[in-house]
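**Student:** What follows is the residue order along each chain.
There are 2 protein chains.
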Amino acid sequence: MNIKLFQQKFFSAKPQENFKKIKESINNLGTNELGLFSTFALCGNLPQSSLKYLSIQEEIGVVLSECIEISANKNFIVFVPEKENNSLILCYVSNKNLQKISFQTTSEIPVIDFEGQKIGLTLFGINHLAEISKEISTLICFGKNSIGIVDKDAYYQELSLVSKKNKIPVVFVDNVGSAANLLYPGGSFCVDESTNSGIFFPYFKDFSQNTDIKNITASIQKETISSIAFLQKALVIGIQDYMFQRNFKKVVLGLSGGLDSALVAALAVEALGNENVKGILMPSEFSSDHSVNDAVDLAKNLHIEYEILPIKNIYKQCNTTLDPIFSGTPFSLAEENLQARIRGLLLMAVSNKTGAVLLNTSNKSECAVGYGTLYGDMCGSLAVIGDLYKTEAFEMARYINREVEIIPENTISKPPSAELRPNQKDSDSLPDYPILDRVLFAHIEENKSAEEIFAENPDIESLLITKVLQMVANCEYKRRQAAPCLKLKPSSFGIERLMPF
Amino acid sequence: MNIKLFQQKFFSAKPQENFKKIKESINNLGTNELGLFSTFALCGNLPQSSLKYLSIQEEIGVVLSECIEISANKNFIVFVPEKENNSLILCYVSNKNLQKISFQTTSEIPVIDFEGQKIGLTLFGINHLAEISKEISTLICFGKNSIGIVDKDAYYQELSLVSKKNKIPVVFVDNVGSAANLLYPGGSFCVDESTNSGIFFPYFKDFSQNTDIKNITASIQKETISSIAFLQKALVIGIQDYMFQRNFKKVVLGLSGGLDSALVAALAVEALGNENVKGILMPSEFSSDHSVNDAVDLAKNLHIEYEILPIKNIYKQCNTTLDPIFSGTPFSLAEENLQARIRGLLLMAVSNKTGAVLLNTSNKSECAVGYGTLYGDMCGSLAVIGDLYKTEAFEMARYINREVEIIPENTISKPPSAELRPNQKDSDSLPDYPILDRVLFAHIEENKSAEEIFAENPDIESLLITKVLQMVANCEYKRRQAAPCLKLKPSSFGIERLMPF
Chain A
0 MNIKLFQQKF FSAKPQENFK KIKESINNLG TNELGLFSTF ALCGNLPQSS LKYLSIQEEI
60 GVVLSECIEI SANKNFIVFV PEKENNSLIL CYVSNKNLQK ISFQTTSEIP VIDFEGQKIG
120 LTLFGINHLA EISKEISTLI CFGKNSIGIV DKDAYYQELS LVSKKNKIPV VFVDNVGSAA
180 NLLYPGGSFC VDESTNSGIF FPYFKDFSQN TDIKNITASI QKETISSIAF LQKALVIGIQ
240 DYMFQRNFKK VVLGLSGGLD SALVAALAVE ALGNENVKGI LMPSEFSSDH SVNDAVDLAK
300 NLHIEYEILP IKNIYKQCNT TLDPIFSGTP FSLAEENLQA RIRGLLLMAV SNKTGAVLLN
360 TSNKSECAVG YGTLYGDMCG SLAVIGDLYK TEAFEMARYI NREVEIIPEN TISKPPSAEL
420 RPNQKDSDSL PDYPILDRVL FAHIEENKSA EEIFAENPDI ESLLITKVLQ MVANCEYKRR
480 QAAPCLKLKP SSFGIERLMP F
Chain B
0 MNIKLFQQKF FSAKPQENFK KIKESINNLG TNELGLFSTF ALCGNLPQSS LKYLSIQEEI
60 GVVLSECIEI SANKNFIVFV PEKENNSLIL CYVSNKNLQK ISFQTTSEIP VIDFEGQKIG
120 LTLFGINHLA EISKEISTLI CFGKNSIGIV DKDAYYQELS LVSKKNKIPV VFVDNVGSAA
180 NLLYPGGSFC VDESTNSGIF FPYFKDFSQN TDIKNITASI QKETISSIAF LQKALVIGIQ
240 DYMFQRNFKK VVLGLSGGLD SALVAALAVE ALGNENVKGI LMPSEFSSDH SVNDAVDLAK
300 NLHIEYEILP IKNIYKQCNT TLDPIFSGTP FSLAEENLQA RIRGLLLMAV SNKTGAVLLN
360 TSNKSECAVG YGTLYGDMCG SLAVIGDLYK TEAFEMARYI NREVEIIPEN TISKPPSAEL
420 RPNQKDSDSL PDYPILDRVL FAHIEENKSA EEIFAENPDI ESLLITKVLQ MVANCEYKRR
480 QAAPCLKLKP SSFGIERLMP F
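Residue numbers (numbering that gives the first Met the number 0), protein chains in the order written: chain A, 0 to 500; chain B, 0 to 500.
None of these hints come from the bench; they were simulated from the model.
As the structure is a prediction and not an experimental result, all values here were calculated from the model.
Just so you know, not all the hints are guaranteed correct.
Repeated chains share a single entry, so a pair holds when one copy, or any two copies, can fit it.
What the hints assert, rightly or not - In the DSS-like style, the derived pairs of lysine-lysine whose C-alpha atoms are separated by at most 25 Å in a straight line are:
hint: 1; residue 1: Lys477; residue 2: Lys13
hint: 2; residue 1: Lys204; residue 2: Lys232
hint: 3; residue 1: Lys477; residue 2: Lys51
hint: 4; residue 1: Lys477; residue 2: Lys20
hint: 5; residue 1: Lys166; residue 2: Lys20
hint: 6; residue 1: Lys477; residue 2: Lys248
So that you can see chain A by itself, here it is in the shape it has in the complex (with noise of 0.2 Å):
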């Protein structure tokens, strides 16, 4: 029994834009063959509110009966949203017929015919696997969450398993590319554990192939790549997608000198080459001398544009001007952010002017505790790094550097400074970062009370644990106004984590 696995990057909300891909896909089909769309190939991905449009759902309508118009003497399976309950509807398409398949948490798997064969067909997540009826002699699985869900292999676990148990060849299909903030890494596979053979697709690109599922002969090997590899891969097609989605072509961004901007730099340069990349130094009255050599040497490094943009008279303008309210009070958190303010001013001027999106470059351990300046730092379109902790940014500059130096070493040493008063240092504020992330990963990754983490890491005072989660649950309220960040995480922050503010 022959099957063809599609695994194509997709457009949201774009049916007719997917359909052009998919019909080429269903032509080259052989009659023998059943194709296998991922789960958004057609739709995308679309946000819940979307389907109440009468608008969307004729579009979505009339792609699916242009796939069946084209199904003489082909076999496929499609999905298309289903309006009210946040799920999909699986279409199996065969020679001019269509099949639609709900699922229920509670029912038990849906099988079709094809070839004179039984096929089992799940949403990842929806049916229980624990039982699979004997007459299945293949099963299917569609992946529907993205990359933030589960870690790479926890598919593969998952469903070998299954296949080792009911003595069948297993299939997941997953979905590849992004939609909007959202990350679908592809690796999709075939894997046969009683002939212990498998077909791997490679992670984040469009790729398909013609497997005979009774004789998996392992022509693809399982891509072996390290957790910050995955990532970093995974941050590099996030920006890619996002600009080719939204035709754009070039992106600007601050360069402090330290680790976060010099990160998503060199990602944002192997994601859309450094001709479109263009750097912004501002420096202030307290920002030091390696400020500015360090992110000197990052742009040269990387060999993009860039400008010093310094913003002490600004700074002094503003102060003049605020006068009336500013006279007689000493030096606070008002003028920090005021610097911090006239940079997101800056950088927006530059993106507006240009035409370039301005990248965000916050962390996720900032984000976490409040650590930046709303409508400054937190400006941007796309926060790249706004799901990776500080200390897995650290590691994916390394990851970075593994070959040639590309961040300056400087950077990536020096202690952390937001530079906005005189020798201010991250430490002054907050615990050291792999203190700080062991507490963050757990209270916001494993939904962990101070008590809980307490008990876990003894060697972390309670008073300190109790401190940095009152401040996560202090700034909730800047989180709402928050650049959309890249999700790498279950509990990436936006609409995937919300607190009472």
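Mind docking chain B on chain A? Use the hints.
**Tutor:** Structure of chain B alone, referenced to chain A:
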């Protein structure tokens, strides 16, 4: 049979805080009374993510135990949130016993016995009210949704029909107050259409009342209030509760001389008192004389403090700093946005320096079409009129001026302008607001497509409709970073309406 209905304001995610009020109410309950607390009285309206934390669940469990502890010879109903499916569990506490009821869409209406009567219990919108079992002698319905879900009379209209049809008294227990930007109006009631009697609770106030449900004496009349007055009251309470729950006292806002900022200032003064509201006037070289004069007149009418901070010098200095990039380019959107962002930056500086909360003054029409500057006039902690269309803002301004001119007549009657370039008018880029708002309302509140809107509004050019809908779609990315707005309608912008961006 006696009920005592407690319509009480609550704190979100602070069960211990809420318990103080509930405890007092329980202690005042007579032994033959059934006490009714609203769905969020105990826990507040908790976002789903927060229920993943064991700590909040434990805290809720403790408070529920405390309720049971003090329930000797008392009978009452409170609710706790259900962890899994964003629903609620009804807790009937009777003489130290607890009966839990979980609501399902398909099941029959749950019933409890009290003083020999069968009392049906429903959660509004969950149970079908078409068929009420004959054994039920009283129906109690609890509200769950915020003000945005229905107009103020919808509950009453539906439930009085239920009372009429089944010849039983019907009680509606609504939440009152706010959870962040969600507003609950109160207006609980007990009606018995078989005796044409009813008791109606006030809107937006703590109120409790003992009622012999089998013999309602219509001692409290239904409040007659126009729609615009109701919305105005809702916004005032929204500001008040937002500030009170966060221990904030003072607000600041920019006064442009235009309608939106004038309206928000008037609402803020009614909510917080004139001593807690500060206006900042930030004229530019493009500001007309009347802008400053109208804003000053407003500040004088409202007896609020104001400060004039001209932005000209900062704007000039920004242009000088940006010269390496701006030099030789024509005046464009970048320069317009720059002015708006300088204002945002000054307002945030005043907010940071003085501890006053910045109120955002954007209306729903401009949020819809993206006629606002991200990090500029879109700054602020709370978008007071962000769910009010411009035509509704005009109506509310007239309502506020019904007895005495508070908002200067010139502010209401002059053509709206952003004043970011010479002689700019909103009507240069947008259709007149009455037309625009008809299109927007049909699209956003009624989910209609361009074709449907044109079919129902043949007097509006179809090209214009298409253009407006395209503007709405194109600026979804801006709304993802907008200040949360006080929610008045089902499709308020924010997490209630997410579209592809």
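**Student:** For every hint, state whether the structure bears it out.
**Tutor:** Taking the hints in turn, this is what the structure says about them:
1. Lys477 <-> Lys13: between (32 Å within a copy, 20 Å between copies)
2. Lys204 <-> Lys232: within (11 Å within a copy, 55 Å between copies)
3. Lys477 <-> Lys51: between (29 Å within a copy, 21 Å between copies)
4. Lys477 <-> Lys20: neither (40 Å within a copy, 31 Å between copies)
5. Lys166 <-> Lys20: neither (34 Å within a copy, 62 Å between copies)
6. Lys477 <-> Lys248: Answer is between: at 19 Å across copies they meet the 25 Å cutoff, but 29 Å inside does not.
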